[in-house]
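Asks: Going line by line, the protein sequences match chains R and S. When the letters of the first sequence are read in order and numbered with this note's numbering, they come out as residues 1 to 235. When the letters of the second sequence are read in order and numbered with this note's numbering, they come out as residues 1001 to 1282.
To be clear, the hints were calculated from the coordinates, so they are not data collected in a lab. Be careful, since some hints might not be right.
Covered stretches of chain R, going by a simulated chain S footprint (3 or more residues, C-beta under 8 Å) [claimed, not checked]:
id, region
1, 65-78
2, 86-96
3, 113-119
Owing to the predicted nature of the structure, the values given are computational and were not obtained by experimental measurement. Glycine is no exception: its CB is placed at the ideal position from the N, C-alpha and C atoms.
Listed below are the residues making up each chain.
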Amino acid sequence: MTFSWKRINAIFMKDYKDFSRNLAVSMVIFLPPILAAFIGRMGAASIESYYMIINMAFGMVASYVQSCLIAEEKEKNTLRGLMLSPATTTEILTGKTLLSFVLTIVTILLSIVLAGYNPANIAIIAVAIILSTFFYLGLGTLLGLYAKSVMEASVLVLPVMIIFSFGTMIIALVEQYPILKAATYLPNIQLLEIAAKVEAGIGFGDIWLHLAIIAAWAVASFATAVVIYRKRMVD
Amino acid sequence: MENIIEVKNLEKIFANQTALESVDFQVKRGEVFGFLGPSGSGKTTTIKILTGQLLPTNGEAFVFGESVEKLKQSSYRKRFGVLTDNSGLYVRLSIYDNLKLYCDLYDVSYTKIDEVLAAVNLQEDQKKRISTLSKGMTQRVTLARALLHEPELLFLDEPTSALDPVNTLHIYEGLRALNKKGTTIFLTTHDMQEADTLCDRIAFLNKGRIQLLDTPNKLKKKYSDSTITVELKNEEKIVLPAGAEGAQQLYDYMQSNQVETIHSNEPTLGDIFVQVTGRKLA
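Generate coordinates for the entire structure from the input sequences, incorporating the hints supplied.
Replies: Following this line, the structure appears as structure tokens:
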């Protein structure tokens, strides 16, 4: 299997130029930092509020931007051009994911700084955020491949944004509705649990299972995206 | 000569509609092969199957001696180029940026961009965004992109459908030059003049079936009624039959110095298509 950084970089640079001229989509990356700045100024921020912003960044940047980038390639028939080129599935999906990855990390970093969040263990939180980013990028890719247009992708991604941005509220309902216990395995809830444990001074030994669950979500979302992508190569 | 494309008993059915039926043909390396037919006759379906974008329902298709299934491999995709009817260009990027991306994807030097833009008469416009171009200019950029890596085999789906006559001639020159360098061209069109000008051999496709396949000259001879039209100086036009009788009449007109022009009555490819299929090309 070939793996060419030149091709990946070419797709990344193309996406960067294209995205910077697409205000309709690029504007959303400013929303999480703006909200983070408000929360930071209010002075009564909690772990839940920090992670509401971080999960919102995942939904709006990793999933929404990624799904729009892929859906637009489909809508304008440019994805077929990439598929017919010598670039492999890995090169195309890596190239197409790189911009959303960079934007997500930068948006989250900026939001964390503006909200005034200082994690007790930066390394564990960084690993958890990067793993979560991969899950949301996979999900965005999947939605983009499923949607026929940018408009459709924008609609499909809405439930994702709602569930994962405000899904942490599910925890409060678990005791009342035991069926919601399954939802505690969602990556956003796992991330929140990691954050709470990190603040309580718990080390990597008691956190790895949460990281593994998020990693499993990330692998599952990308594996499904690759399968759907390969199906889309043939009409 | 080696076959670069070989199609055997190809069939494609969409839902309940047959798009291709018992299609057989070969394309020799180095030739310009025309696939002619009206809209909906199965031309684009054939290109999609031959480039691995669509699976046939039945039959076999080989490109470069390998089953089209293998065209999914990166190494094979370097060897062919495709110009489709929908541009597939990034509209917010410039012509140059679009071509630069494909230089990187095909591992081609950026110096090639100037060369292909000259071939499609767009050198002066390379900084223009695709969104600002006319349909004809966009089509020329798409063609430039397909020429960028000098493929062994080039699939062209209606390459000049949106072009003005001057640019059409310019594109023909470019395609002939590319063909001289060794690129095999598979051209679909419903423009009979284009097929006659460019193609070594042509196939008439109608309702998913190949009706005729030969060189344009042989087809025209085969369907010619062998008559000639003589235009006299008094503007009268006379159709003379083939053979001794026609020759004698022509001799008489020439002897009496009445002849203005003489034309052989060869049918056009369009006439032949209508005669064979009963349909008009549109």
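Asks: Each of the hints needs a verdict: does it hold here or not?
Replies: Hint by hint, here is what the structure shows:
no.: 1; hint: 65-78; result: holds (count 3)
no.: 2; hint: 86-96; result: holds (count 3)
no.: 3; hint: 113-119; result: violated (count 0)
The structure fails hint 3 only (numbered hints given earlier).
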